[in-house]
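Asker: Sequence:
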Amino acid sequence: MTNTIDRRTLLRLAGASAGTAVLAGATLTGAAPAGAAGGAFRHGVASGDPLPDGILLWTRLTPTDEAQPGSGVGPEAEVTWQVAADPDFATVTAQGALTTGPARDHTVKVAVTGLAPATTWWYRFGYAGAWSATGRTMTAPPADADIDRLRLGVVSCANWEAGYFSAYRNLADRGEVNLVVHLGDYLYEYGTGEFDAGGSVVRPVLPAHEVLTLADYRIRHALYKTDPDLQALHASVPWVITWDDHEVANDQWSGGAQNHTPATEGAFADRVAAARQAYAEWMPVRTGADGAIYRRLRFGRLAELSMLDLRSYRSQQASGSAVDDPARTITGDAQMSWLKSGLAASTARWKLVGNPVMIARVDLATLPAWLLGPIGRLLGVPENGVVLNPDQWDGYNADRNELVDHLRATGTRDVVFLTGDIHTSWANEVTTRATGTATPAAVEFVVPSVTSDNVNDFLGLREGNALSVLGADLLRATNTHVRWTELDGHGYGVLEVTRQQCRMDWYHLADRTRPGSASRWVAGWSVAAGSSTLRREAAPVVVPPAGTPVGVTTADFQQAILSVISERTGYPVDL
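Just so we're aligned: the sequence shown equals residues -31 to -1, 1 to 544 in mature numbering (1 follows the signal peptide of the UniProt record, and there is no 0).
Wrong hints could be hidden among the right ones.
As the list claims (entries may be wrong) - Result set (DMTMM-like, lysine to aspartate or glutamate): computed pairs, CA atoms no more than 25 Å apart in a straight line:
#1 Lys309 to Glu371
#2 Lys309 to Asp18
#3 Lys309 to Asp113
#4 Lys309 to Asp259
#5 Lys309 to Asp374
#6 Lys309 to Asp293
#7 Lys309 to Asp294
To be verified - Computed Cβ-Cβ distance ranges for the label pairs, DEER-style:
#8 Ser40 to Leu443: 49 to 59 Å
#9 Val170 to Ala313: 45 to 55 Å
#10 Asp142 to Thr230: 37 to 47 Å
#11 Arg431 to Asp142: 19 to 29 Å
#12 Ala72 to Ala99: 15 to 25 Å
If you're looking for bench data, these hints aren't it; they were derived computationally from the structure. Think of the CB as a built atom: it goes at the ideal place given N, C-alpha and C, for glycine as much as any other residue.
Please model the entire structure based on the sequences and the hints provided.
Answerer: Below is the structure:
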């Protein structure tokens, strides 16, 4: 059946009678459980990779008590699914059934098609007369639709043993976020106590040992999916996800990893195959026929999101002047060609790049060789300066230069990198020798970790201590393109995309080790359309409350508030 686009839609189509399409906040009723799900669907529900006509849905069935994750046992079972235009499922638009079993660890993934675009949908799964928790999701607008606003929750690096996932709950409770972008390290491979919270295990992992086998990875994925805050965010909005290294092993590259010893842990290729199979089973993500995860999603004319894979094809990490070697790559040739051509050809206003590791160069107490001149070459300083972290794009200068040179040569503007991995918060302008320090090619917003240790945690000091502040000051002083950084906070980012600007707001938790921790706004930075220069924002963006009529923009809401202030005080106030 054909469904009309409802008034609770997150994204409205162009050509509406109001004249422009506007994105509005919506509440989620009953879709995010207060605690973890139970019964046959105890690992919750999730959706991902929205398309104009479809969405990917996920759950995991536990048909019998012995059919535990990673067990390899349990019966084949049929699971039904429904997608509806309302949370009460009075209007079921699409439905079906599929069989799952131990071969896929009893996970369920459904690629639903034939849905109306730019619409809010509710979905659920059924088994043996019982329903799962209800999830809410959305389809994307058509590629040529005019939309005014898109809000993304941006997260990275969630270490189970280091704390609780309050950042996910806070994002779910916001109500106005339309999509979550997860930039990798969704889980960690370490055994218990090997990567904790500043020396303390807040909650132990399963299995207790480092994960190596398919069963191990399945059990670790399942553990994460029992977290009630993670379940709440998965149930509230669709996710677009990529992996970084810890989904397999620390500092992974195409042929190995820092945290893998073949002599005692077996062939690295076997470990990767196990990790990738479990990931494909347990995550609401679309992969290519060859297992490739880099992909591109479009949200009308406003934004296009390119998600990168910076682990599967990269050369081994290096140091010194080897980071300049043009034979070394972080993307691989095929992905680099795909990225360059896609960015240059995109007709979307904003070209967003889901970028697992930092692309902006970061030096400490040195200058890049192109500013030092002959003395830099004499001292063996790499082209973009002495590398602090060769696991980032800093360790692969040729690839970064190739990408930036292509953006400049093709006149590609309004590129925004969304980055995780480094556990800290940054607002950067992307510069190389070709751009100089005054004409950046793009901007980068780096979000903090959900729970993984930051600078103060490693030092055993309180948040905002003098050493962390000094370190941030030194980084900014020696890297003028780093406009802001904060080294201690855990939390998340909220990216607001409009035709006029792209803005990131950072929110940090009060205490990652306390369930239900609140978060606070710490900074906001934006870039205007047509510019690659960042500007600081003085206050968090004002968001219309849930229930604000579709067609009322944030600016309208702000002006309404100011009008009331003017009326009651007698002083004229305007935006």
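Asker: Need the list of violated hint numbers for this structure, in ascending order.
Answerer: none
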